[in-house]
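*Asks:* One letter stands for each residue in the lines below.
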Amino acid sequence: MSGSTIIFYMLAALTLVSGILAVTTRQIFRAAIFLLFSLIGIAGLYFWMQYDFVAAVQIVVYVGGITVLIIFSIFLTQQAGELLPKQKIGRLLYSALAAFCGFALTMVQLCQHTFKTTTEQPILPTVSNIGDRMLSVEENGFALPFEVVSILLLAAMIGCIVIALRSKPTTA
Amino acid sequence: MKNEKLLSIIQFLLLGNFIVGFFFNQTGTLFGGLFTTNALMAFEKSILSLGVYLISLLFSDWLKKSEHMPEFFILMLAALLGMFFMISSGSLLMFFLSLELSTIPVAAMANFDLEKKISSEASMKMILSSAFSSGILLFGISLIYGVTGTINFAEIPTLLDGSPLQILAFVFLFTAFAFKLSIVPFHLWTADVYEGAPMAVTSFLSVISKGSIAFILLTTLYKVFAPMQEIWYNMVMLLSIITMIVGNLFALRQQNIKRFLAFSSIAQVGFILVGLSSNSIQGTSSVVYFVLIYVFSNLAAFGVAGAIAQQTGKERIDDFRGLYQHNPFISWILALALFSLAGIPPTAGFFGKLFLITAGASKGNYLFIIVAALNLIISLYYYLRVIRAVFMDKNEHPIEKIILNPSAKLGMIICGAGIVLVGLLSCIYDYITALTV
Amino acid sequence: MQPGLYHILFISAALFFIGVFGFFTRRNLITILMSVELVLNSVNLNFIAFNKYVWPHKMDGLFFSIFVIAIAAAEAAVAIAIIINLYRSHQSIDVENAEEMKF
Amino acid sequence: MIEVIRITYYIMNEFLQIRLLQVLPIGWNFGWSLLLIPLLPFAGFLLLGLFGRKYIKNSAGIIATALLLVSTVLSIYIAYVYFFEYGKVMGMYQKFVPIQFTWLEFSQGVSIDFGVLIDPISVMMLAIVTFISLMVHIYSLAYMKGDERFPTYYAFLGLFTFSMLGLVMASNIFQMYIFWELVGVSSFLLIGYYYNKPSAVAACKKAFIVTRFADLGFLLGILILSFHAGTLDFNTLVQRLTVDGSEELHSAYTSTFLGASALTWAAILIFIGGAGKSAMFPLHVWLPDAMEGPTPVSALIHAATMVVAGVYLVARMFPIFSMSEGAMHFVTYVGIFSALFAALIACTQTDIKRVLAYSTMSQIGFMMFALGVSGSNLKNGSLNYSGLGAGYTAAMFHLFTHAIFKALLFLGAGSVIHFIHSNELKDMGGLRKYLPITNITFLIACLAISGVPPFAGFFSKEEILLAAYQHKALIYWIALITSGLTAFYMFRLYFLIFWNKGTIVHGEHHGEGGFAMMLPLVLLAVGAAFAGFIPFGNFVTADGKPMEVVFHWQFSIAPVSIALAGIFTAMWLYRKQNNKPVAIANSLNVFYKAGYNKFYIDELYLFITKKILFNLVGRPAAWFDKNVVDGMVNLTGNTTQLISEKIKEFQSGKVQQYAIYFLAGVIGLAVVFIYIWK
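Residue numbers (the working numbering), protein chains in the order written: chain A, -17 to 154; chain B, 334 to 770; chain C, 3 to 105; chain D, 6 to 683.
In case anyone wonders, no lab produced these hints; they're calculated from the structure. Among the clues, some could well be false.
Below, simulated DSBU-like cross-link-like pairs (lysine-lysine); rule was C-alpha separation at most 30 Å, straight line [said to hold, decoys possible]:
1) C:Lys104 to D:Lys653
2) C:Lys60 to B:Lys556
3) B:Lys734 to D:Lys59
The task is simple: from the sequences and hints, build the whole structure.
*Replies:* Next up, the structure:
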């Protein structure tokens, strides 16, 4: 077993285990931290696949941004040390069943399918390649989606500000 | 008042936007195939622009009083832009991004009745459901990408062969459309969100948003997934039947006018699927034509309900009893709208449904058509119920005279004229057919 | 055995349905949102894996995942704003306290 | 004025691409007057609908009546011109399409046209519809006087007349369908005219929904036909589907579903549409309830116009129907059953308008089965349908005479109701003293409907019975019995209203309602008395060639005597206040009874009529109608309500539960389409 393989399994275990814990633990802070670990595990998998740029984006946006946002909102809405309310057992069972069925179906279909392989020359995901593509308006360029996303982010920010800056809280 | 002037300017610009849409209808692609356009797409966009213009007219009362009117328009126009991109999208990436662009701002808009609890609740339900749905959609897209190696609409059809994994991917992808169009069983968010959101947002969601998805669904099914035609035909048929039945059954028992319209619009979507299933030129033109009519009819209904809710706070159908006594004008507009939604001649809705049915029947699957038409009759029950409440039922304290401001009145007149004229002027349908070919 | 495409697909599918399970069962709105993040991440993993192992001569999957990250951020921001607002009216972010509208 | 019309004509020609086909040798006046016939009532509708309530409240009725008078004169003129001057070419009445423009083109050849089709039945219908409508307009001047929404009433009448005329003139089956639906809408408005009465509201809703249900059949039939024939135009349709060996006919014959050919299915579905409007069993449930509308409206809708639309439709499509034996049998049996069923129920009703409603249903059943027995071509092995259309002519003839005398009956009933302010027979009696004109005209109408010579109904019913006799003995006998029942229940009605016991007239006595109400009665009575002498076979036949109607007086003996028997039974039972059963029950003296010879015969008679006819047949039929057939309609409504209550839990308000259903839907669809439904 090579080192690379061992690293892969470790990352996989990190991702899945902390993912499971993130959705099951009853302490909300721990849930956030497990989510963080899971996201880091995914970033690790990107590194492992040598997609360094995506891994970096993952860490910057998710770990540095979204998780922090979530932790802040936990601060705003939660008393420290309070356990999360329990879910009804019936709901848990149905959910587990539905999720498992979905998982089984997907895995069966994925495993039955043989993916084609291509012999063409791979393009390395270097930062310069990505940058060229990102701002290109030619074929295989991504300038337009880039603009669309920027509009979306702008609109989302405006929406957030309007909602969050509500003048005065009403009914207690 | 500052808002008032601004609103007039915005309305003027929106009208301009609608008119300009008719001048640029070339065919072509941009950004290496990511953005495509042709005359039909331009027309579809014009329908959506018209809808947005009408919303700005019909809900001007609410908008004027709203503290955040400029932001409301920014978000609504961002969503409209998203729909334009979506209609023109040439790849799954553009489709996904513009779908989100047309969803996330609307979710924020649903919260614009900031003081109301149910508005926040609606907004929360919408953003969570749509996040869930986009998760499923993305999984589907990733499978399509894995199987075909491309996300371009032009290349995908050549690489599809209907293998089980592709079916799975297609189902995942299709449910995103189903979610936005509120096809049963992916519709459950609809009524709650419609009820809680401000009326202007509800009408935007119910008319513009659904219309745009119906348009892109045409492209997706007819072009991108053309090789899997048989599978999607059966799927559309199945969902269409369930959607009509469930939409009708729930509409029967609603008391709140917004929930009522929500379920009635679910049933309408089931009907759109009937025409859509035909996979022909007639299918495209009947769906586009129906959406045009649907814009007029549904906006008229929402406009009237909005005007009443704005001034009296009444949203229950029982409160509408005897509306005709003091408000003949809006009663007639409402009656026209409901007649059109119910598909009663000579309103445009009758012709719209007729063309959808004829398009659906061209496949020769009469059982499907019978079920569709039976549902049309069931729907009469509840549409007539509202008509009856408005015109026939007695009420000790009917709704007092509603004072409409001029732009709302203009909006209602446009809707009413649209409902009558779009059906009678055959040139409109001919025009759409000509664009389709 | 050298880990390959199917291993990663397994991880991502598992993570996807873990997220879905969390979405179904969590009662706190913020934790529901966290489950959504897991779902979106698993999809990204899928894209990168397909890009790496099946279609390395194009970069569609890579770009897709980058854009998904951006969308996820926007979605999370709006969702959190809405949740905070809901908290201010309900004094609670338990999803079961936000079930006023039904039937 | 003429300049204006010329300019309009030019504009329409140039800009709207309306083709005005000049196939008639009379010039364009003729074409435009054809268009004026439906457009004048429509103009009345617009005028009164828009301005009636504010500006011309009092003269609304006069305006509408004047407009319709012009229409009526025009259509009678056209009927004259068609039948006597230009219609017949080479001994055959031709079909003309003088005006037609394409409204919408679906695909090559399949287009929705709006046009005017002129042939014997449409010309006849034009005349009869405008005439009856005019009578109703005049009558309503007095009857509806002082009503709060007088102009609205006339506006609705105008709309109804317009849509009915559009339906009659339609040259394209889709045009017919559109007007067909419009007729439904406008009748909905008219039936629900007294919108403050809950029963009227319920009735109009029911009428609307039941007929819409039937219209669904019509639409499907159209779709199937157009799919096979590739056209929607009546003439082309008939041409393509009746020519032996044509491609379209072949395809319509060979594609089958559940053992019947597409042609049969199309014909049956179209017939279902017609059955809904024409109140054939079991789609008749709306008709008795629809009597909630104003009585003159019943005269218009439920006697002469809307309810015969179904018959007209079958007649219009007759060549296509006659290509399918199965469809013809279907029409026959539904028709004959409805005729008998409704006649039985009519014997038991106590509401004057309901008796008339069931009688209408019964008479329309006559017309339907007359069409049905007109013979199927397949039996002869030839595809030529000429010479077999005795029933066709008879049905059209009966439609014509029935329109007149049934309108008369309804208007007479209106006069009675106007006088007595009640619909119930128990409140009436002895009215002949107070309402002399009504009495006589009503009697004429009753004689006409009973088939007593020489009144109109005799001739038309005779032809129907003859056609039935030639077709099948069973049909003939049922028809004969029904015809006896008709005489019985009509005279039961007549005697109970005008004879029987005396009535106490409350309040001041305000006479018969004046000239405006009496004029239509008299005019219609003249029609009911003499319309039978029109040699109908010369004008209206299945193939356009005049047909000699042979009159066998021997054949008439049975129907006339059975009608007379019915009349005398009714007279015997109802002419005087009926104390016979009571007296019998009261007189305990057995010997006295035994000595009273007549007694046993009386008893027997009573036993047969009251016990058997009423209690064993009529009552159960009425019960069945009220509870089972009607109940089915209500049950559907209730069940839907119930189901919708049961499934409300799905909409639980829990967003996570929504997501579970979402995922379940995804998995379900995937499993279905991957593993099951490939």
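*Asks:* Against each hint, give a clear statement of whether it holds in the structure.
*Replies:* Structure-based check of each hint:
For the proposed pair Lys104 of chain C and Lys653 of chain D, the alpha carbon gap of about 9 Å is at most 30 Å, so the pair holds. Between Lys60 of chain C and Lys556 of chain B the alpha-carbon distance is near 23 Å, which keeps this suggested pair within the 30 Å criterion. For the suggested pair Lys734 of chain B and Lys59 of chain D, the alpha carbons sit about 19 Å apart, so the restraint of at most 30 Å is met.
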